[in-house]
Amino acid sequence: GAVVSQHPSRVICKSGTSVKIECRSLDFQATTMFWYRQFPKQSLMLMATSNEGSKATYEQGVEKDKFLINHASLTLSTLTVTSAHPEDSSFYICSARTMGGRFATNEKLFFGSGTQLSVL
Amino acid sequence: QKEVEQNSGPLSVPEGAIASLNCTYSDRGSQSFFWYRQYSGKSPELIMSIYSNGDKEDGRFTAQLNKASQYVSLLIRDSQPSDSATYLCAVKKIQGAQKLVFGQGTRLTINP
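Listed in order, the protein sequences are those of chains A and B. Using the working numbering, you'd call the opening residue of the first sequence number 1 and step up by one each time. Using the working numbering, you'd call the opening residue of the second sequence number 1 and step up by one each time.
Since the hints were made in silico from the structure, they are not lab data. Honestly, I wouldn't trust all of these hints.
Listed below are several chain A residues computed to face chain B (Cβ distance under 10 Å; list not exhaustive) [claimed, not checked]: (1) 3; (2) 6; (3) 41.
Label pairs and their calculated CB-CB ranges [said to hold, decoys possible]: (4) A/85 / B/40: 20 to 30 Å; (5) A/61 / B/51: 26 to 36 Å; (6) A/15 / B/22: 24 to 34 Å.
In this text, all values refer to a predicted model and were calculated from it rather than measured experimentally. Beta carbons are placed, not taken as given, at the ideal position from N, Cα and C, and that holds for glycine.
Turn these sequences into a full structure, and let the hints guide you.
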């Protein structure tokens, strides 16, 4: 299957600092990437949809000024958690789908390995 | 009502038995259904996808879809300890929509 690389896998930072997480599609071009957040023992919650060359679409309740998303190329999307606070501590996961024009029924998402963010 | 509902478990099954995981969804227009396996601290891994009513088998896994009843299930035959994980049901609401909605996951433990 397709490979999605996410970096870093774990980050510990002080409150008030900013953290950047990278998501790369290694063997395919991804016009669309998705960013999820998962708190312990809870399911994945979609934060935003990242589209190459355009602004991200944020889900209701997600602060776009706090969670900055940049999808500058067909293989790279970044999520920056600005002025992180302890309540932002979570497991952040990106996913990508292959380029293919019309969204096909049998398209599948490929997930990155996730980033565990701990804000002290 | 949650869009995608699963029993959070834990579900304990003896090794070698059949594990049965269930999921219901609220949007009758949903088109695509997925089961992901997630080990603790890791990202989800796609196990099965199913798009039409009936059964779909892949090795020890069988996905079952009943759109009239709005449920999808996953059967794991000959359960192994390595199958112990959280299983996430995901639903794509309508064709053309980009978003997957996940259930809260069922924690499965296979007892040797």
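Item to check | Agreement of hint residue 41 of chain A with chain B interface, Cβ distance less than 10 Å | outcome: holds (8 Å)
Checklist entry - Honestly, do residue 85 of chain A and residue 40 of chain B meet the 20 to 30 Å range at C-beta? => result Taking Cβ atoms as reference, residue 85 of chain A and residue 40 of chain B lie about 25 Å apart, which means the hint holds.
Item to check | Status of the residue 3 of chain A interface restraint (C-beta, 10 Å, chain B) | outcome: violated (12 Å)
Item to check | residue 15 of chain A paired with residue 22 of chain B, Cβ distance criterion 24 to 34 Å | outcome: violated (41 Å)
Next on the checklist: Tell me if the interface restraint on residue 6 of chain A is satisfied: Cβ within less than 10 Å of some Cβ in chain B.
Outcome noted: This interface hint holds because 8 Å falls under the 10 Å limit.
Next on the checklist: Please check whether residue 61 of chain A and residue 51 of chain B have a Cβ separation lying inside 26 to 36 Å.
Outcome noted: Between residue 61 of chain A and residue 51 of chain B, where Cβ atoms are some 30 Å apart, the hint holds.
Violation of the numbered hints given earlier is confined to hints 1, 6; the remaining hints are satisfied by the structure.
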